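Modelling step: build the complete structure from the supplied sequences, incorporating the hints.
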Amino acid sequence: MLSLEQIVRDPEKFRVALVRRGEDPPIDRIVELDSRRKELIQQADTDRANRNKVSKAIGDEKRKPTPEEITEMRAAGERIKNVEAELATVLDDLQETLLPIPNTPMEDVPDGVDEDSNVVVRISEGSTDGHGNAHWDVATDLGILDLEAGASISGARFYVLKGKGARLQRALSAWMLDIQTEEHGYTEIDPPLLIRQETMIGSGNLPKFKDNLYRDEETDLWLVPTAEVALNGLHQGQIIDPGVLPLKYVAQTPSFRKEHTSAGRDVRGIKRVHQFEKVEMFRYVTPEDSDAALEEMLTEAETLCERLGLTYRVVQLCAGDIGFQSAKTYDIEVWSAGSEEWLEVSSISTCTDFQARRNGTRYRPEVGASTKLPHTLNGSGLALPRIWIAVIENGLQEDGSVVIPEVIVPYTGWSTIEAV
RNA sequence: GGAGGGGUGGCAGAGCGGUUGAAUGCGCUUGUCUUGAAAACAAGUAUGUCGGUAACGGCAUCGCAGGUUCGAAUCCUGUCCCCUCCGCCA
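Counted from 1, the first sequence has number 1 at position 12 by our numbering; the numbering is strictly sequential.
Hints were generated in silico from the structure; no laboratory data involved. Treat the numbers as computed from the prediction; the structure is a model and nothing was measured. Be careful, since some hints might not be right.
[Stated by the list, open to error] Calculated cross-link-like contacts (lysine to aspartate or glutamate; reagent style DMTMM-like; alpha-carbon spacing at most 25 Å):
| id | residue 1 | residue 2 |
| --- | --- | --- |
| 1 | LYS42 | GLU67 |
| 2 | LYS199 | ASP103 |
| 3 | LYS199 | GLU333 |
| 4 | LYS199 | ASP82 |
Rendered as structure tokens:
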């Protein structure tokens, strides 16, 4: 959520920033609602102050209230009730108006309305040759991927990994988690996968994106679409003590997404599915450290790609393509020789204070100082089925077997998936 | 699922209709003392919001939401969470 206070102070700044990402925000309405809000608060406070004064006097003097006082106070009570009722609707309106408004892009985010304006920042060393043998053929032939079984159990866009395929995915997860915790200093978290509505709102996934989320009606819990949601909820409503930031968390969880909107796109294989594993990095930092943290996380994710021997490129998303809660995003895409395309395996974003404001996460810079909003950053490190795809497709040998990256061997116990 | 008990400030823990935003203790901050530290003593120590350049003042908040009352942390209703016992179950 954007700061109401800041919007009211400089409405044009916010209008301009949001127009950059193709939004037409109801700024005027917000300013209007806010001034009505202040008016109502003052009315109610005045009546209440008077009522408190009279009540206190009665208590102090240990006497019964006079009939006049009772009549007058009852009237004041009525007025307060009415004003508060209106205030409640104004606050609801404000909330409803503010919640669907996305974060403002940072100034150095390139202009543009869609992915065509994204900027390739750099491309790593390595081959971008292709061989046309996509994973849905290769992995199926190897007996490590069963798309039909996935469809049979759960429907389209579900898949089953078998044998070395399953083991490879587990090994990749474990390897990535180990690097994040042991080398990059993240604390491993194993969070709940069923999430309360408030927490989903806090991350920015609700109310706007409910169509892409699975939900249990009976308990009103939502399935995590990314561990970001849970990690962002870790400190909601809390004040983080001085000296604690930065907090760095990593979690490996499934991600559940309906992907309604993309029906027809990426239908083959397991590039876009309803349930996938992902290792997610998440940081809470002071605003001062926020820019550097984003670059660090990008480097951390790049390191993983490098060590897997994958060719990758870093793409900076333009203003129209960054996510709802993001102020600036880098994607990392790896080259996959079979499907002959760049696969997005990581998306690294700074959400500035947008999420912290939504879910009431604050920190105290130093003892005695007043609270501030931390910045939150998230990034995949990395997304699994896609990395799995790249490993399989890029590791394909002439004889149909697949050689996996050396760094993973300690986690699998073998280096080759033999052709059957 | 059944039966009880409980949710108060950073923590522990009083208060159960009227100077209670809230005793007391611990913790924390600052000061005095000390070569330094500890101890002792003194002062301070929640969050949000409205007005104000500020000093400061008003209002709200004792899990949450309603209700009763001139007045609610205190009474009533609903709800969520936690604990204990029984049942069930990876």
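To see whether the hints hold, each was checked on the structure:
no. : hint             : verdict
1   : LYS42 to GLU67   : holds (17 Å)
2   : LYS199 to ASP103 : holds (22 Å)
3   : LYS199 to GLU333 : holds (23 Å)
4   : LYS199 to ASP82  : holds (20 Å)
In this structure, every one of the numbered hints holds.
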